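Trainee: Below, each chain spelled out in residue letters.
Number of protein chains: 2
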Amino acid sequence: MSREFFATRTVTEALAGFSPALRTPTQTVALAEALGRVPTCDVIAPGPLPGFARSTVDGYAVRAADTYGASEGLPCYLDVVGAVRMGRQPDVTVTAGAAVEMPTGGVLPAGADAVVMVEYTNETMPGTVEVLRPIAPGGGVVHADDDVTAGTVLIPAGRPLRAVDLGMLAAAGVTKLLAHARPRVAILSTGDEVVPPATATLRPGQVRDAIAPALAGLVVEAGGWPVPCGIVPDDPAALRCALQLALAQSDLVVVSAGSSVGTRDATADAVASLGKPGIFCHGLAIKPGKPTLLAECDGVPVIGLPGNPLSALVVFRLVGVPLVWRLAGCATPPPEPSVIASLTRDVPSEAGRRDVVQVQLDGGQAEPLFGASALLSVLTRADGYLVVAEPATGLDAGADVSVTLYR
Amino acid sequence: MSREFFATRTVTEALAGFSPALRTPTQTVALAEALGRVPTCDVIAPGPLPGFARSTVDGYAVRAADTYGASEGLPCYLDVVGAVRMGRQPDVTVTAGAAVEMPTGGVLPAGADAVVMVEYTNETMPGTVEVLRPIAPGGGVVHADDDVTAGTVLIPAGRPLRAVDLGMLAAAGVTKLLAHARPRVAILSTGDEVVPPATATLRPGQVRDAIAPALAGLVVEAGGWPVPCGIVPDDPAALRCALQLALAQSDLVVVSAGSSVGTRDATADAVASLGKPGIFCHGLAIKPGKPTLLAECDGVPVIGLPGNPLSALVVFRLVGVPLVWRLAGCATPPPEPSVIASLTRDVPSEAGRRDVVQVQLDGGQAEPLFGASALLSVLTRADGYLVVAEPATGLDAGADVSVTLYR
Chain A
490 MSREFFATRT
500 VTEALAGFSP
510 ALRTPTQTVA
520 LAEALGRVPT
530 CDVIAPGPLP
540 GFARSTVDGY
550 AVRAADTYGA
560 SEGLPCYLDV
570 VGAVRMGRQP
580 DVTVTAGAAV
590 EMPTGGVLPA
600 GADAVVMVEY
610 TNETMPGTVE
620 VLRPIAPGGG
630 VVHADDDVTA
640 GTVLIPAGRP
650 LRAVDLGMLA
660 AAGVTKLLAH
670 ARPRVAILST
680 GDEVVPPATA
690 TLRPGQVRDA
700 IAPALAGLVV
710 EAGGWPVPCG
720 IVPDDPAALR
730 CALQLALAQS
740 DLVVVSAGSS
750 VGTRDATADA
760 VASLGKPGIF
770 CHGLAIKPGK
780 PTLLAECDGV
790 PVIGLPGNPL
800 SALVVFRLVG
810 VPLVWRLAGC
820 ATPPPEPSVI
830 ASLTRDVPSE
840 AGRRDVVQVQ
850 LDGGQAEPLF
860 GASALLSVLT
870 RADGYLVVAE
880 PATGLDAGAD
890 VSVTLYR
Chain B
490 MSREFFATRT
500 VTEALAGFSP
510 ALRTPTQTVA
520 LAEALGRVPT
530 CDVIAPGPLP
540 GFARSTVDGY
550 AVRAADTYGA
560 SEGLPCYLDV
570 VGAVRMGRQP
580 DVTVTAGAAV
590 EMPTGGVLPA
600 GADAVVMVEY
610 TNETMPGTVE
620 VLRPIAPGGG
630 VVHADDDVTA
640 GTVLIPAGRP
650 LRAVDLGMLA
660 AAGVTKLLAH
670 ARPRVAILST
680 GDEVVPPATA
690 TLRPGQVRDA
700 IAPALAGLVV
710 EAGGWPVPCG
720 IVPDDPAALR
730 CALQLALAQS
740 DLVVVSAGSS
750 VGTRDATADA
760 VASLGKPGIF
770 CHGLAIKPGK
780 PTLLAECDGV
790 PVIGLPGNPL
800 SALVVFRLVG
810 VPLVWRLAGC
820 ATPPPEPSVI
830 ASLTRDVPSE
840 AGRRDVVQVQ
850 LDGGQAEPLF
860 GASALLSVLT
870 RADGYLVVAE
880 PATGLDAGAD
890 VSVTLYR
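The listed protein sequences correspond, in order, to chains A and B.
Counting from 490, one number per residue, gives the positions in the first sequence under my numbering.
Counting from 490, one number per residue, gives the positions in the second sequence under my numbering.
Hint data in this document are derived by calculation from the structure and do not stem from the laboratory.
Just so we're clear, the structure is a prediction, and the values are computed from it rather than from any experiment.
Check before you lean on any hint, since a few could be wrong.
Given that identical chains are not distinguished, each listed pair holds provided it fits within a single copy or across any two copies.
[Said to hold, decoys possible] Simulated crosslink set (SDA-like; lysine to any residue; CA at most 25 Å straight-line):
(1) Lys779 / Tyr609
(2) Lys665 / Glu710
(3) Lys779 / Gly883
(4) Lys765 / Gly860
(5) Lys665 / Val709
(6) Lys665 / Leu504
(7) Lys665 / Gly640
The whole structure should be built from the sequences, with the hints applied where relevant.
Mentor: Listed below in structure tokens is the structure:
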């Protein structure tokens, strides 16, 4: 009845071995749109930062040597010869015995090599300041290249840009950069029983397409661009045609395989006929999610997901999300939040299979949620999931487990 | 010289006590735009799910009682009286001694109360199936309301929508819902020395605005909508005017206070004059980030950040991000990823102050990154940060610390 599972792989094998060479093309991205984007090459600092010797405190620019030996009991006295204004080149020079008023962030005037904090001074009479503590050369100052040296790597390639990276790029005047295009992920649902979510009234036996909107959400979270490709009936010719269209306009094709075994084989047949090297595996040693197809059509990866929403979403999170990141040039996806919790009851498993168990958390306790893999509510009720690794035959109640948290 | 720190608070006091009542208004959001949005009220299931009794396996719909006693050695024989097609109401009834072919997900025909997996059957001659194992009533079936009961809470209010929630809403036919508007966060930079990031050549003493683009990124990550309000010079009248404009068009105003102490006081004065109840605190027991202003103008919260990028971004992450979530109706921000690592050297701190220390991770070791708070590179080089809580006077080398990871 079915040829499924003729080539089952473990999740580890799939993550390591199923690695289409495709990376999305390079495009120029404006700073305001760059959050989460992956630079294609190191961004090099065009100049030093801050670019000038700068005060880190409010106080007085001085020659450090003039302050040696100063104390509360025996302050040194300096002539205040001027004041530095923010954002301006100082128009005064600090000579021996002189001091210049400095705001935090101001340009260190010529002749000065330190800035004494205002807290350690007293301007007792106009034009004269008492310095109550000695300061070493360089004190209260950042030098022109203390933050960044010209020509060094400002932002590394391959790491999704963080909010603070945008700040660093802005500081360096880099307002656009080269980044991988967001991976376009075609999402195709199949099944005679599947109808669009907007269908108000269902005929008996019909179900609304839950998988496509949830996949689109996971794709967005992974920095991809969902390309909705609609619903295809259980008809091999229609599926082949829809796959061909999807392959032509995307960097990854995801097919949720309806519920029928026939559809899975039809997907495998279509993929095999549409490009090389074809099927990588047709069955994954994971629960839920065993009936998973991984394939490649002339460089474009194809993931055939189980028809059950729970299984489909578990597999896409574990196998599809890292692939979306890799297509965008990011080898290591950003970390997920997790927490250690105590398992409330035994979780059975089979050696050689990765089990993904949804859990609810309650004050440090992880309660496994069991239920048919057709039930989407198992996922919406879960706070996160735990993984039973391939070698294990289960987990015991009371064990400390790492729970990956949903955000 | 300055009135700063006249009302210093701890971070805990600020998070608990600084809680403007404002929540963003309710708006109707389409499913495709709903990821991360916060529902304003519980979404109630309009009907049961899956909505009909459904097979969870490929096999044969039967009366369970007909299979009692069946075994490999002594199978029971049933007449195959028809087949159920996906997405269709069955046109056959299962009477005693009868069976109907079932695909996974098909509608259970009238008269049947279980579905035997195809693996436990043999169709030895056309029209007759051998059943090799007994099945209990309900076996291989999910009932019409096993996933969701009509009238129950499908998705709770106040929790940002996850990808899987979108799937559940789609399954229930809920293609739009009521959610809080994204908080509009006005971002205002101040300082005579600050110029736009696109400024190609700087005059001596000028710096490009690094804080505003980084804040915009943090606001987006927190589900907010950054409203860039430009750069204001160190002039109280101009600042008051810009603040007034920002207050009128946003749910939260963030001012990065330039580097001058005077600006901080000017911000405080302007806020106090523009609305009630005015200033909550003017100084936060945190390092870096002490010169932080928290205030409220007729319901709209205002955060005055230090002028140093590192300090400003640390404070906004710890105090501003939870506030953005709260404005959108989410009391508990989504969890952040973290990891336990061993500290490579002593980290000094002062009791009563929360210290936020940037760290680099290397194989389970957390290396603290020290450096002036003016240095943005401390943040871009960091993999995450650790927190030294208020009661502690420091952390010892070798201690296990929790590092919150940047994504």
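Trainee: Confirm or reject each hint.
Mentor: A quick look at each hint next to the structure:
no., hint, verdict
1, Lys779 / Tyr609, "between (71 Å within a copy, 19 Å between copies)"
2, Lys665 / Glu710, "both (23 Å within a copy, 20 Å between copies)"
3, Lys779 / Gly883, "within (18 Å within a copy, 50 Å between copies)"
4, Lys765 / Gly860, "neither (38 Å within a copy, 53 Å between copies)"
5, Lys665 / Val709, "both (22 Å within a copy, 19 Å between copies)"
6, Lys665 / Leu504, "neither (33 Å within a copy, 36 Å between copies)"
7, Lys665 / Gly640, "within (17 Å within a copy, 50 Å between copies)"
The structure fails to meet hints 4 and 6 from the earlier list, while all remaining hints are met.
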